[in-house]
Amino acid sequence: MVAAGLVGAPAISKAQTGAIKIGVPTILSGRVAILGQTSVGGLKVVFDKFNEAGGINGRKIEMVVRDSKGAPQEAAKVTRDLVNNDKCEIILDAEASSGAFAVQEVIREMGVLCIHSNSETSSLTADPKLHVPTAFRTARQGIHDAIGGGDYAAKIAKAKGLKKWATCSPDYAYGRSNTAEFMEYAKHFDGNIQVVEESWPKLFQPDYTEVVTKLLNAKADAMYSALWGGDLVAFIDQANLYGLFDKQASFMVNLGDYGVVDQVKQFPQGVYSGGRYNRTVPATKENEEWYQNYVKTQKHKPTNWSWENAVAAEFIVEALKKTNGDTNGKKMAEAIKGMTLKSQFGTKGTVTMRAEDNTLVDYIIGYGVSQSKEPYVSDFQASAWEPIFELEKQWKKKQGYIS
Amino acid sequence: MVGRWRDLGLAVLGLMLLLLVPVFGAPPAIRDFIMFGMAYGLLAMSLNLLIGYTGLVSFGHAMFFAAGAYAFGLAMQSGKFSIPGAFVLAIAFTATMALIVGAICVRLNEIYFAFLTLAFQMLFYNIILGWVSFTGGDQGLMGGIPRPKFLGIDLADRTQLYIFCSIAFIVCIAILRQIVTSPFGYTLRMIRDNQERAAFLGINVPLVKLACFVISACIAGVGGILLTLFVSGAYPNFGFWTTSGEAIFMILLGGSNVFLGPLVGTVILRLLNDITVSYTSHTELVLGIVILVLVLGLRKGPLDLLAERWENRRQAAAQAVRDAADKDAGKGGT
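If you read the protein sequences in the order shown, they are chains A and B. To convert a position in the first sequence, counted from 1, into this note's numbering, add 15. Position 309 (the second sequence) corresponds to 296 in this note's numbering; numbering is contiguous.
Bear in mind the hints are in silico, worked out from the structure with no lab data behind them. Check the hints yourself; a few may be wrong.
In silico DSS-like links for lysine-lysine, alpha-carbon gap of 30 Å or less [what the hints assert, rightly or not]:
1. A:412 x A:64
2. A:179 x A:144
3. B:136 x A:345
4. B:287 x A:413
5. A:411 x B:67
6. A:346 x A:64
7. A:75 x A:314
8. B:314 x A:412
9. A:144 x B:67
10. B:287 x A:144
A few chain B residues that don't get close to chain A, going by computed Cβ distances all over 12 Å [claimed, not checked]:
11. 18
12. 42
13. 69
14. 75
15. 87
16. 106
17. 116
18. 164
19. 188
20. 214
21. 218
22. 236
23. 299
24. 300
25. 306
Just so you know, these numbers come straight off a predicted model, no measurement behind them. We put the CB at the ideal spot given by N, CA and C, even for glycine.
Modelling step: build the complete structure from the supplied sequences, incorporating the hints.
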């Protein structure tokens, strides 16, 4: 259904003259096609509402979605084509991280407004060398999750005496940096924690027997995993056969997403999961309505990428209202910089585009206990942002990003 | 000698045609398409020097494409090199790498050569992925590739970048053409057709193969440099096996027996990709069908087919002339 909608997009784009065209480079094919599909879903929900309300000055928003197939050089070319060929005035970059860095360089040259909606790699906005004045990020940030998750893990570790930890994360930059940062902050909050085993399965690895055996032999008290998507489902299903989850506490940052949590055949009890998107987090009427509307219109469940893109779309809509429909990159960037939006995805009912580094803050971060049935998460504990800000500042100093 | 001057003339003509694109104010998307095509075109053309002219099917050619890209990108990011300096350094690095890999691989034939090149490619790819502090791992070289001015040329300007890429591309194509039409090029074909016979004639087959391997790698490296300049970054998938596979597709699509066949294949593949991606996310399905039609239907690249038909017609015409002459001669005799 989603694919069918996307196939129709170019035809629509030719029919509607005068529309505000927003180019969306993303991944629509291969094993992570769900990233593109649910990202576009999140965007459509907001833009359809905007268009139904009449748009701005009679101009409606029209998305032009292109598949980069996950190749950064294709992402760069597709983005240039979207601006040069399809006359898109704004870029909504729904690429994964490597594609996002390639898109960032195109934006540096072209100067249009860009919102990165999926890349969680902290340096994209934290590193001043990479800064582009017209580029922003609405995706959650790795360092924020690491601090919030580390704090949560340390509290559980202290309460249950979890001292020996093992890790099991995918063997590429995201898996390694995410795991290093999580364990660094877990140790920061609980000095007794020590890592006794690290395992790095390959991305899209089909068989985890060796990894599970290694984890069992480590006899750790707890495990952290940054596996995601189908890899995480396969790992849990295979680890269950060896009773791994009965022998240790497990923390999995990416377990909570729809498409993962509802796909595991035999769900392990008492596994802690990071917050991605869940209809009960926050347990508000607005969030439930958003979920229902999303499922009704898009015919699939939203994911973490859906809310990140929905927020990106809302920033664009609000900025357009402020500029009275002027899509000039500089003007739109001025409007978005520091903007606070009312949003059910925020800890205080709002999210803010932090002016100092063009990145989203105050969104809901936290951990809960996963369960096999709806709502798939219980006892969710949202992290406080003040300690995150403080430690993030220290982290930036350590990286040399600020003095 | 006449052929050499003709080829050089054609190279100058090709360059002039390419330079007319910005002169006539072609849309930026056309220029982007050509620049992207030039980078991948060099990859495919250089691979065809191995496959089509020497009979060495390499599955790991993209490692040199990536080597050129990363060496150039890292040199520029270090801030210690000018663009020409980094260009030369990247080619020298690629050549050294090809010399080492080639010295091990060229003594093997057919499937063993193919798989050893694939193994080296995966080794190089994993080094890129694993050496995060140096290469950026799977995120690639982040932060853009600086393009300081040199000799008054500013590659940050898209038109000047296009001209620079066009010149580099035409020079590489001209070099390849000179190679395949030289005695060295005919030696390569002899090795492809019967390497034992070539060895009996006193040709040092491994040495010639190694020279071909290094030259081919250097041209692929230039392709990588052009792509790095275009996307302002270098990424691990430049050196992944799928990129080598793509280059083989380009050769299949265009034809391996005609000099410009792989270039035609590159244009076809890029066009198919760019058109289908505008309408559907099932680009691989479309490409798969096209390749199936070519493999099962034509059994060769379109340019190969055209060349073959042209040759058949030429021979038929020559035969007709001979037959007519024979007939006339027969008439005269009676």
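Here is how each hint holds up against the structure:
1. A:412 x A:64: 42 Å, violated
2. A:179 x A:144: 38 Å, violated
3. B:136 x A:345: 27 Å, holds
4. B:287 x A:413: At roughly 58 Å apart (the allowed maximum being 30 Å), residue 413 of chain A and residue 287 of chain B break the hint.
5. A:411 x B:67: 27 Å, holds
6. A:346 x A:64: Roughly 23 Å separates the two Cα atoms, so the pair holds.
7. A:75 x A:314: Holds, at roughly 24 Å.
8. B:314 x A:412: 94 Å, violated
9. A:144 x B:67: 18 Å, holds
10. B:287 x A:144: Violated. Residue 287 of chain B to residue 144 of chain A sits at ~49 Å, over the 30 Å cutoff.
11. 18: 9 Å, violated
12. 42: 30 Å, holds
13. 69: 21 Å, holds
14. 75: Holds, because the least Cβ-Cβ distance between residue 75 of chain B and chain A comes to about 23 Å, which exceeds 12 Å.
15. 87: With a cut-off of 12 Å, residue 87 of chain B remains clear of chain A, as the shortest Cβ separation is near 26 Å.
16. 106: 16 Å, holds
17. 116: Violated, since 6 Å does not exceed 12 Å.
18. 164: 27 Å, holds
19. 188: 44 Å, holds
20. 214: 6 Å, violated
21. 218: Label violated. Min Cβ-Cβ 4 Å, cutoff 12 Å.
22. 236: 14 Å, holds
23. 299: 40 Å, holds
24. 300: Holds, since 40 Å exceeds 12 Å.
25. 306: 49 Å, holds
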